[in-house]
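**Student:** The chain contents come next:
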Amino acid sequence: MNPAQDEIRFQVIWSNLIAIVEEQARTLMRTAFSPVVRDSGDLSAALFDRAGNMLAQAQTGTPGHVNSTVAAVPQMLAVHPAETLEEGDHLITNDPWIASGHVHDITVTSPVFKDGQVIGFFACTCHQLDIGGRGQGPDGASVFEEGLAIPVMKLMRKGVVNDDLMAMIRANVRTPDEVEADILSYVAANEASAQVLVEAVAQLGLTDLEAVGAEILARSRAAMIAEIRKLPKTSASNTITLDAFGTPITITCTLTIGEDEVLLDFAGTSPSHPKGINLVYNYTNAYASFGARCIIGASVPNNSGSLSTVRVVAPVGSILNVTRPNPVSARHIIGQFLPEAVLGCLAQILPDKVPAEGSAGLWGIQLRGGPEVARHFPGDWQGPAWETLFFNAGGGGARPMADGLSTTAFPSGVRAMPVEVVESHAPIVLWKKELRPGSAGDGTFRGGYGQSIELATRDGSPVALFAMFDRTTVQAQGRQGGTAGAMGALGLASGQPLQPKGVQIVGPGERLRFEVPGGAGFGDPALRDPQARARDRHSGLEPG
Amino acid sequence: MSEIRIGIDVGGTFTDFALATPGGLRTLKLPTTPRAPERAILDGVQQILREAAIAPEAVTGIVHGTTLATNAIISRHGARTALVTTEGFRDVLAMGDEGRFDQYDITIVKPEPLIPRWWRYGVPERLAADGAVLLPLDEQALHALARTLRDERIESVALCFLHAHVNPAHERRALEVLQPLLPGVLFSLSSEVSPEIGEYARFSTTAANAFVQPQVATYLDRLETGLAALGLTAPVFMFLSNGGLCHLDLARRFPIRLVESGPAGGAVFAAQLARDLGEEAILAFDMGGTTAKICLIDKGVPRRSPSFEMAREHMHRQGSGLPARIPVIDLVEIGAGGGSLARVDAQRRLQVGPESAGSDPGPACYARGGTQPAVTDANLQLGRLAPEDFDGSGILIDPGLATQALEAGVGAPLALDPLAAAAALAEVVEEQMAGAAREHAREKGVDLRPRPIIAFGGGGGVHAARIARKLGATRVIVPQGAGIGSAIGFLQAQAVYELSRSVAMPLSAFDAGRYNRLYAEMAAEAGAFVTAAAPGAQQVAQRTLFLRYKGQGQTLQIPVEDADLTDQDAPRLHALFQSHYAALYKRALERIPVEIVALSLRVAAEGTAPTPAVTDRLDRPLPETAMLYDLTTGAMVPARQILRADLGPRPLQGPALIKDKGTTIHVPRGFDARTIEGGHVLLTYTGQEG
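As they're listed, the protein sequences go chains A and B.
The opening residue of the first sequence carries number 1 in full-length UniProt numbering; numbering runs sequentially from there.
The opening residue of the second sequence carries number 1 in full-length UniProt numbering; numbering runs sequentially from there.
Please keep in mind that the hints were generated in silico from the structure rather than gathered at the bench.
Since this is a predicted model, take the numbers as computed values, not measurements.
Certain hints may be false.
A short, non-exhaustive set of chain B residues, derived as facing chain A with CB atoms under 10 Å [to be verified]:
| id | residue |
| --- | --- |
| 1 | ASP91 |
| 2 | HIS165 |
| 3 | TYR200 |
| 4 | ARG202 |
| 5 | LYS550 |
Quick list of in silico lysine-lysine cross-link-like pairs, DSS-like style, CA-CA up to 30 Å [to be verified]:
| id | chain 1 | residue 1 | chain 2 | residue 2 |
| --- | --- | --- | --- | --- |
| 6 | A | LYS230 | A | LYS353 |
| 7 | A | LYS114 | B | LYS299 |
| 8 | A | LYS114 | B | LYS550 |
| 9 | A | LYS353 | A | LYS233 |
| 10 | B | LYS550 | A | LYS158 |
| 11 | B | LYS550 | A | LYS154 |
| 12 | B | LYS550 | A | LYS432 |
| 13 | B | LYS470 | B | LYS299 |
| 14 | B | LYS444 | B | LYS299 |
| 15 | B | LYS444 | B | LYS586 |
| 16 | B | LYS586 | B | LYS299 |
| 17 | B | LYS586 | B | LYS550 |
| 18 | A | LYS154 | B | LYS586 |
| 19 | A | LYS154 | A | LYS114 |
| 20 | A | LYS158 | A | LYS114 |
| 21 | B | LYS550 | B | LYS444 |
| 22 | B | LYS586 | A | LYS158 |
| 23 | A | LYS114 | B | LYS444 |
| 24 | B | LYS444 | B | LYS470 |
Backbone N, C-alpha and C fix where the C-beta goes; we use that ideal spot for every residue, glycine too.
Isolated chain A, as found in the complex (with noise of 0.2 Å):
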């Protein structure tokens, strides 16, 4: 075979490697019952080698989640070799410092076998709404408050159930059916895509991946090299603040262009905190270099090579590199904030390629109702017990050439469930969720708007908020003379203001207010487009 046919096939692997991940995910949402993975599509997907580089993966879910499946693969292995697995074995594991960041999130690492040899897996990392403790949220202590652990082991052996670790997980949840067959499904999604795997190898006239994966891993590598020797070696340091608990906290990021990587510091950075709002190193190194990736070689795709370019350093004990057993289920609200850090830096380096800010953090509404809550106020409520979490995204950051997008998650990588799959899961009604007029800072590019939530019960029962939301206290600012975003807000209708985080108990026929914020401006706003202007007025979305 000539050499440019050689390059055909080998583009069509590499095709249909990605294809398959995306298959993965797509299975995932099909067979998964929780909603934030069905609907939302909270979940990463990908394919590695024999020795745990991670070769491809769907291009859905969250940086959070994708990025620290590619730290977990090898920890799993080394503590099940591969040598050690048999045909049928499934590895599983919720450990926060193991795989991405807290018990909420399940990993489920697969062996897939050709001819009786390993050749790869497939793992995926799903978010587990309900894995008993308190629910999610900062409050716990420690991590022993926030729900189920489940050390690394093997799920099933050789195609059988691990019945005794079923029933221990059963035991400790408060919707056993579900858990279950959630797990279940993550282990048919990757025995699904093992065998599209297997027969595409065959049929591509391939033993392994061995030659190709290596392939891969070195062009992706290569292609990253390039782009960041076009890049001045320099570096820069940016500071952001957050509201957090109570007092604000800072992130300091270093960012350092050197002659084949690029490094990012946290020096600086706040120390740990008391409430559940820590990063393990794997989350916060996720998180970072998703920031410097989506300037960077952006169109490289994402895998171990591509990613071996990007070093993420955090000090052992600052808030985003805890040790056991710190809290850290709500770690996203820190964590989601990590790109800005770098996007910050950056600007600074590439001033004309680097959007304003955004409203990072996700506003993730989790409920919960029936008599667990009730009991607390008088009346006769009937309801059963219900637990639901749906994602509203804020405004983005202006773009260098462009608007900032509204109502649009950044860096998160998930979508909104629709209103009518969210009120046939639980019993509550959203009275409103439109755009938030005002919310976007000004500029030559205006930044996205966020959005206005009203939302009860359907019964008007009492339901207890677990909150969790940021830049209620620092808006997201402008760049090169934008203005900052709106700030996110949330109140009762009645006028009493609930807290941004933690858990509160709202009483009976109350509407609960989220005004969610919005992104900041890009240039200075004297040079904005005026047609552009006036068709924001126009529609309702500036005064005037």
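Starting from the structure of chain A, add chain B where the hints point.
**Tutor:** Structure of chain B alone, referenced to chain A:
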């Protein structure tokens, strides 16, 4: 009575005709008349009937597909449309799914809604997820709104309330209130256009329906009147995006279902050919004047999808378009056709399309005022097309204008002579089409190399061999009637009616009475439609149950017998579901209840009239050789030139040109061509590129 049917495909550039009679199949291609598409149709129908010496009254059926709806959406030239929705939700169309379709690209663009915010209105009303009324519809507010809509000169209204797919009462009542207050205004109800859960997709589909409805409805009225005036009394059917047929009345109500009907016709055509030739897996490549379409066909059946994305904004990326929840044939369409225009951008990169010269003014060589070079101009310059190829279409070709345009538009900025400029233009557009095919194959996880390419449409035969080389494929089949493949596909469509009913019925509380009653209603509706479309034909009914574990996203479609059930059938249905699930995922789940989500029924007329073989052929004096651009040497070289009718089973070595009515087959060096069973032309890569 013998069947005489006409298939008519209105594309952006050409309107194609296929006339099927017991004696054979005739074809015709005319320039589209974009401002009044029925004009080209009426002219063409008269012309093709005259040529065949058939009286209009003898025609027994007309099948029509059009890009009118698609073009209105892509160009955003639709009606003044308002959205009337639940108060508090006027931005559903703008907020979408709140996600990003690319994780790493910070420059992504999301589509603007078809209806701007100032025409999106909230009305106090609210239904719950189970359809119960939480807040009654505020009829006073509707009266006030009617005045506003009149002041704004709104022509079409999308009525979209939350949970209307469960309980359509508020949408229906709003229609009753608004309709008499707004004479002449058309209404689209989300509970009728797309009665499924998920407000963004449902509202988006309904908004698009409303946006194109006035235009499509008046067009169909004019067409119907015009055909009747010619003496055509045969029923007119519209070809749908899912490859089926419908009445004009249904098309007027749900014009959104016509989106992509032309490309779907091409897919039906290619699928029939794949079945005839016994090809397991093919790539259909259909290149017309405005766009190119790519579709994967396995086992003779085009892939289907329950939804479709219209007008993708961001480099054709999945997720960057407007969702439409209508059943479609799964294909990709890109702005690369004979009329696609070339330009050189600020970075001195040669770009081709998606802007198209269409038929008016058309490529520069049409001498209708176009000055920018188009793909057709390049093909003329390269010798792949000749001015005589356009005989009979009413277009007079001036090759000098093609050269001028290539010189000015591409040659000068890139310092190339017109020939090199034409070669570069062809290379870029061929790479774009190959790239779209690769991307589609990647999304589906398919290896393109072993697949033959079935190439059709006016430009299919000109470019297919080069695309095959880029994709690593070694065989290209250019079928009989390739120039008008979609119009022939229309005639191969079955009269099919598919409908479904949402239910939420746990198998533990299976209600056979309700099940039987619902199916009886559906059978009556579908049967009546198919009888009207194909009188006297044998009908085949297929029942499919949509079952799932309660709480799971996945719904399995399980075929069941076409018969009434009793309550005692529930355990059997449960076991059936468990075995289907286990077949997919190795093991079924215990302890999780199974529910019926929907019942569906598909009724099809058994067997369509077989399409006769194409009988008309190109017959004109043709020099034995023509000068053709040679990629290897970059020079014009003499190439063999023959009429398609003269090509036999003996291989003809490239470089060569095979001329046919409506299309030319370009056989580059390295390929040979021969006629195979059925009169189709097979190009095979021999690897001898010299």
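**Student:** Now, for every hint given, state plainly whether the structure supports it.
**Tutor:** Tested hints:
The interface hint given for ASP91(B) holds, since its Cβ lies 5 Å from the closest Cβ of chain A, which is under the 10 Å cut-off. About 8 Å separates the beta-carbon of HIS165(B) from the nearest beta-carbon of chain A, less than 10 Å, and the hint is met. The closest approach between the C-beta of TYR200(B) and any C-beta of chain A is roughly 6 Å, which is under the 10 Å cut-off, so the hint is satisfied. With its C-beta approaching chain A no nearer than about 8 Å, ARG202(B) sits inside the 10 Å limit, and its interface hint holds.
A cut of 10 Å between beta carbons decides the hint on LYS550(B): the least distance to chain A is about 9 Å, and the hint holds. The straight-line distance between the Cα atoms of LYS230(A) and LYS353(A) is roughly 14 Å, inside the 30 Å bound, and the hint therefore holds. For the given pair, LYS114(A) sits about 27 Å from LYS299(B) by alpha-carbon distance, which is consistent with the 30 Å threshold. Proposed proximity of LYS114(A) and LYS550(B) is contradicted: the alpha carbons are some 35 Å apart, above 30 Å.
As the CA atoms of LYS353(A) and LYS233(A) are separated by approximately 17 Å, the hinted pair is consistent with the 30 Å bound. For the hint linking LYS550(B) to LYS158(A), the alpha-carbon distance of about 28 Å falls within 30 Å, and the restraint holds. Of the supplied pair hints, the one linking LYS550(B) and LYS154(A) holds, its CA atoms being roughly 27 Å apart against a limit of 30 Å. A threshold of 30 Å between alpha carbons decides the hint, and for LYS550(B) with LYS432(A) the separation of about 28 Å falls inside it, so the pair holds.
A distance of roughly 24 Å separates the Cα atoms of LYS470(B) and LYS299(B); the hinted pair therefore holds under the 30 Å criterion. For the given pair, LYS444(B) sits about 16 Å from LYS299(B) by alpha-carbon distance, which is consistent with the 30 Å threshold. Among the hinted pairs, LYS444(B) with LYS586(B) is consistent with the structure: their alpha-carbon atoms are about 22 Å apart, no more than 30 Å. For the suggested pair LYS586(B) and LYS299(B), the alpha carbons sit about 25 Å apart, so the restraint of at most 30 Å is met.
For the hint linking LYS586(B) to LYS550(B), the alpha-carbon distance of about 19 Å falls within 30 Å, and the restraint holds. Between LYS154(A) and LYS586(B) the alpha-carbon distance is near 18 Å, which keeps this suggested pair within the 30 Å criterion. The hinted pair formed by LYS154(A) and LYS114(A) meets the criterion: a straight-line CA distance of about 20 Å does not exceed 30 Å. A C-alpha spacing of about 15 Å is found between LYS158(A) and LYS114(A), which places the hinted pair at or below 30 Å, so the restraint holds.
A distance of roughly 28 Å separates the Cα atoms of LYS550(B) and LYS444(B); the hinted pair therefore holds under the 30 Å criterion. Between LYS586(B) and LYS158(A) the CA atoms are separated by roughly 13 Å; this keeps the pair inside 30 Å, and the hint holds. Our distance criterion of 30 Å between C-alpha atoms is met by LYS114(A) and LYS444(B), whose separation comes to about 23 Å. As the CA atoms of LYS444(B) and LYS470(B) are separated by approximately 19 Å, the hinted pair is consistent with the 30 Å bound.
Figure legend: structure checked against the earlier numbered hints; the only hint not met is number 8.
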